[in-house]
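**Q** Residue-level listing of the chains:
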Amino acid sequence: MAAEKSSIKIITLIAADGSVFEVEPNIVKEMKTVQSYIDELDQNTVSIPLPNVFGNDLAMIIEYCKKHASEEETKEAKEEFDFEFVKRMKSDDKLRLLQAASYLNMESFLQFMAKAIAAEIENQSVEFVRDYFQIESDFTPEEEAELRKENEWAFK
Amino acid sequence: MEETTATKRPSLNSSTQTLITLGDSLPTLPFELIIEILSRLPVKFLIQLQCVCKSWKSLISDPKFAKMHLRMSTTRHLVVLTLTKPSRSLIVKTYPLSSLFTEITATATQLAYPLNNDNQFEFIVGSCHGILCFAIDQSVALLWNPSIRKFTKLPSLEYPCRLGCYTIYAFGYDHFSDTYKVVSVSCYRSFNLTDCFFKTKVKIHTLGTNSWRRIQDFPTGVPFEFDESGKFVNGTINWLASTNSSSLWVIVSLNLKDECYQELLLPDYGGVDVVTLTIGVLSDCLCILSYSDTFSDVWLMKEYGNKDSWTNSFRVPFMEGVGSPYTKALYVSEDDQVLLECDSKLVTYNSSHGTFKTPRIQNIKGWMVPEIYQESLISPCFQQ
Numbered sequence: 001m002a003a004e005k006s007s008i009k010i011i012t013l014i015a016a017d018g019s020v021f022e023v024e025p026n027i028v029k030e031m032k033t034v035q036s037y038i039d040e041l042d043q044n045t046v047s048i049p050l051p052n053v054f055g056n057d058l059a060m061i062i063e064y065c066k067k068h069a070s071e072e073e074t075k076e077a078k079e080e081f082d083f084e085f086v087k088r089m090k091s092d093d094k095l096r097l098l099q100a101a102s103y104l105n106m107e108s109f110l111q112f113m114a115k116a117i118a119a120e121i122e123n124q125s126v127e128f129v130r131d132y133f134q135i136e137s138d139f140t141p142e143e144e145a146e147l148r149k150e151n152e153w154a155f156k
Numbered sequence: 001m002e003e004t005t006a007t008k009r010p011s012l013n014s015s016t017q018t019l020i021t022l023g024d025s026l027p028t029l030p031f032e033l034i035i036e037i038l039s040r041l042p043v044k045f046l047i048q049l050q051c052v053c054k055s056w057k058s059l060i061s062d063p064k065f066a067k068m069h070l071r072m073s074t075t076r077h078l079v080v081l082t083l084t085k086p087s088r089s090l091i092v093k094t095y096p097l098s099s100l101f102t103e104i105t106a107t108a109t110q111l112a113y114p115l116n117n118d119n120q121f122e123f124i125v126g127s128c129h130g131i132l133c134f135a136i137d138q139s140v141a142l143l144w145n146p147s148i149r150k151f152t153k154l155p156s157l158e159y160p161c162r163l164g165c166y167t168i169y170a171f172g173y174d175h176f177s178d179t180y181k182v183v184s185v186s187c188y189r190s191f192n193l194t195d196c197f198f199k200t201k202v203k204i205h206t207l208g209t210n211s212w213r214r215i216q217d218f219p220t221g222v223p224f225e226f227d228e229s230g231k232f233v234n235g236t237i238n239w240l241a242s243t244n245s246s247s248l249w250v251i252v253s254l255n256l257k258d259e260c261y262q263e264l265l266l267p268d269y270g271g272v273d274v275v276t277l278t279i280g281v282l283s284d285c286l287c288i289l290s291y292s293d294t295f296s297d298v299w300l301m302k303e304y305g306n307k308d309s310w311t312n313s314f315r316v317p318f319m320e321g322v323g324s325p326y327t328k329a330l331y332v333s334e335d336d337q338v339l340l341e342c343d344s345k346l347v348t349y350n351s352s353h354g355t356f357k358t359p360r361i362q363n364i365k366g367w368m369v370p371e372i373y374q375e376s377l378i379s380p381c382f383q384q
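Residue numbers (the UniProt record's numbering), protein chains in the order written: chain A, 1 to 156; chain B, 1 to 384.
Just chain B, with the same shape it has in the complex (with noise of 0.2 Å):
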């Protein structure tokens, strides 16, 4: 996939000498040119490129920097957990995402998951500019840049697991605070007298300290265990929340910034009939998939937090032979093509053809989570 070839000269010195003939023409770069040129080159590059001298390696190292590469970067990837057989133990895979909407065989890479997982149950939470999160056993939370193979794991919240009790986690950026945030949503059953009915008890870390804080609990409802964690959108957290009536479904958002929530309006199906919903986050906006018996609704809140804005932007009709509706819609590519999860496999959806393509991906069978990541310098390692 790389070929690095460069043009190797015999020596640095002899590659000196024709430098400087030619330097007479040419002065060398002012520094400010050379980070608009390095702040679009990829990030494995540019761990490399940190050898090239020593005002290199601390630009390239400066969180600053980081940060003008991140609204610069716009490779994607699609990283997929899947797990070894018979071991069972976990195997973490990239693959460029813009690769999946076209004819070749996207190529795996194989990263170095830094935890050694033996009999431990991860999850992945969510992605936040090129950070990955993952919740272990539902006690531990790990961030990791896979890009730059840095992570940090927060201690561990500390609550005896007990039957029927599930935590849920989220993962955001806040950039009133400029801080990275992980939410914790632990469900559990109360009882009184007469009912049994859940509770959540919610905390917040924020990266770059060393505890949990308890946050006010949910407003109302409990978050669905099996939509698996928060989304984050537009500085706020998102959960799709089912109230105690059983049929009623609300979504709860938590600002980011001062903590509080809001209820958000789910969008008006107009008279279509719909079986349950999932909540994720597409082209930075929030979506909700709705399932009919014969096919499902992606519908995208353009204005965040305007229930008027809600917009059907596709309507995905059922594969055939996949008797299962889609639970995550991941991507959509510029030429509005939507990359899907369906049982496990992938598969993306030409709405104006009204076609489906199953991505050629290598040697993935069985479970398997999909999540997009984008590359970037950010470190999940802060020092205070």
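The following block holds chain A by itself, in its conformation from the complex (with noise of 0.2 Å):
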């Protein structure tokens, strides 16, 4: 909806690690935080720093982000796509793409990512969660046992 700043050809990303990654300005849109950024200046070539991102990751967003802005790709390539995207990451991946996702402000990408953690934690162990998230129980070993006691039905 917002009328593209027609001066702003080619957007350079540069991701915590150095490394440089040029893109033009529709792959962006969904990058709120980089998009905010972008509107307020009127020059043909930008250079954005984003210290919160790394090369890998960042490489895979605007990877996700060319995929999904197509306009000849179908809905069904964009889900198979999807799919695969999800299947080469390892849990570490996922988690820090979420985070990147969520400092770059990019709604859809965001709920992807959440969408695909919470698949794959489902219906694993108390203890796989807590070792996921690197949580520590705060709870005494009594307190724990009692509160699995109280909600025994929820794990049979």
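Simulated from the structure, these hints should not be mistaken for lab results.
Check before you lean on any hint, since a few could be wrong.
[Claimed, not checked] Computed cross-link-like contacts, EDC-like style, restricted to lysine to aspartate or glutamate with a CA-CA straight-line distance of at most 16 Å:
no.	chain 1	residue 1	chain 2	residue 2
1	B	Lys54	A	Glu146
2	B	Lys44	A	Glu122
3	B	Lys57	A	Glu144
4	B	Lys57	A	Asp93
5	A	Lys115	B	Glu103
6	B	Lys44	A	Glu79
7	B	Lys150	A	Glu122
8	A	Lys115	A	Asp93
9	B	Lys57	A	Asp138
10	B	Lys57	A	Glu136
11	B	Lys54	A	Glu142
12	B	Lys54	A	Glu127
13	B	Lys57	A	Glu127
14	B	Lys54	A	Glu136
15	B	Lys54	A	Glu143
16	A	Lys94	A	Glu63
17	B	Lys357	B	Glu103
[Unchecked claim] The following label-pair restraints were derived from C-beta to C-beta distances:
no.	chain 1	residue 1	chain 2	residue 2	range
18	A	Pro51	B	Ser55	26 to 32 Å
19	B	Glu225	A	Lys115	43 to 49 Å
20	B	Phe31	A	Glu84	29 to 35 Å
21	A	Asp138	B	Gly354	56 to 62 Å
22	A	Ser19	B	Gly354	43 to 49 Å
23	A	Glu80	B	Glu225	49 to 55 Å
By construction, the Cβ of each residue, glycine as well, lies at the ideal position given by its N, Cα and C atoms.
Got two chains here, each in a separate frame; can you build the complex from them with the hints?
**A** Below, the structure is given as structure tokens:
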């Protein structure tokens, strides 16, 4: 909806590790953090440092945005891409990408990653989930045993 | 069904050890992102996850989180009431709704009905936000969220049960006051010198209070006894009511916000000779099933309150060998299959192919009452 600043042709994104990505304006539309920065400028090229995102992660995010911004791709092709995209990720990748999505203020990508993480932990054990998010229990063993007993039915 | 063969580490200590090294590159997730993830998980699993740590426990039991989770929750279940033989006690079973539209045999989970129901007649009124409402012997309403196993019994209506008198319940949510309300309509016979006619007495119980309040009576007609319950849609309760001139039907609608009535017009059947009607809710729209001799039309009021928005969504022919009409349209799947109840049996109708299927549901024979509910964390036990 917002009229594009036609003057900007290429956007350079610089990741935390110094790696550089050159992308077209339509690719960063979903990244509200970047977009609001661009909107305030009126120049031909712009380079934006993203100190909270690693190069590898940024490469994946750009790949995702390219696929989803494309008008030629069918809905099915995009869904298949999403499936493969999540499949090749490790747990840590998902958690980092979720944080990157939050930092870049990318709403639909954030929801996509949250969903992928939810699917990975669903119906795993409490211990697994603690490990996954690096959470240490602050319940005493007695408190935890009590809580488990109270909700025994949910563990069956 | 639930294989929770998760990676069991030898001890908690050794696992935290490996995570510290990992943690160098990965700062812990901010809590708002944890919320994003947890709001997408099934209820039963979230109940388990209360054991993770104290902050997760308070999150999962927070009513605000329950609301957020409800907005995300797409999981729906079919609940079926049946009776045991020969003792005729109530059995409540649930099935994942999605499996009804596939070839897979739906696996039932029996729910622990919270009351001892010997010698009672229980009736399912409806469901809203994962809470099921039951009426017991027409005088007591029970609210029960089977996903979290919490229930509350409302105070009794205390009406003397007279011959020819019946009470119809309804259950819904008013988002202006953020409250759940149960409505009871008691219909009784009244006489004057020349005539006998029906009157209504309407009461509302707001969840969290401890009494019933009388509101204005029906502006016209009385709700049809066999329609069983008022239908909640769009912040309103709707009844099919017959006026004293017995052939005339109207829809009486009660707005739960200001508790005022409105009459809605029925669809224009376009020359079809309609034998009878039932009212329901389908795809979040008010729904009328109109029966002719050989088929049923499923009408949806696409825009609530606008009579011009009545749309004939499906025409369902009567199934071979089944003479009686469909009594309830329960659900429409993503690929436009409609789940119908017909003579205590469930059937799915695929309108694009014109074909029927009987969902493979185990061990259900004889009398049964189906209802759809959404999985939620919303508690029916409200503290003031």
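**Q** Tell me, which hint numbers fail for this structure?
**A** Violated: hints 4, 5, 6, 7, 22.
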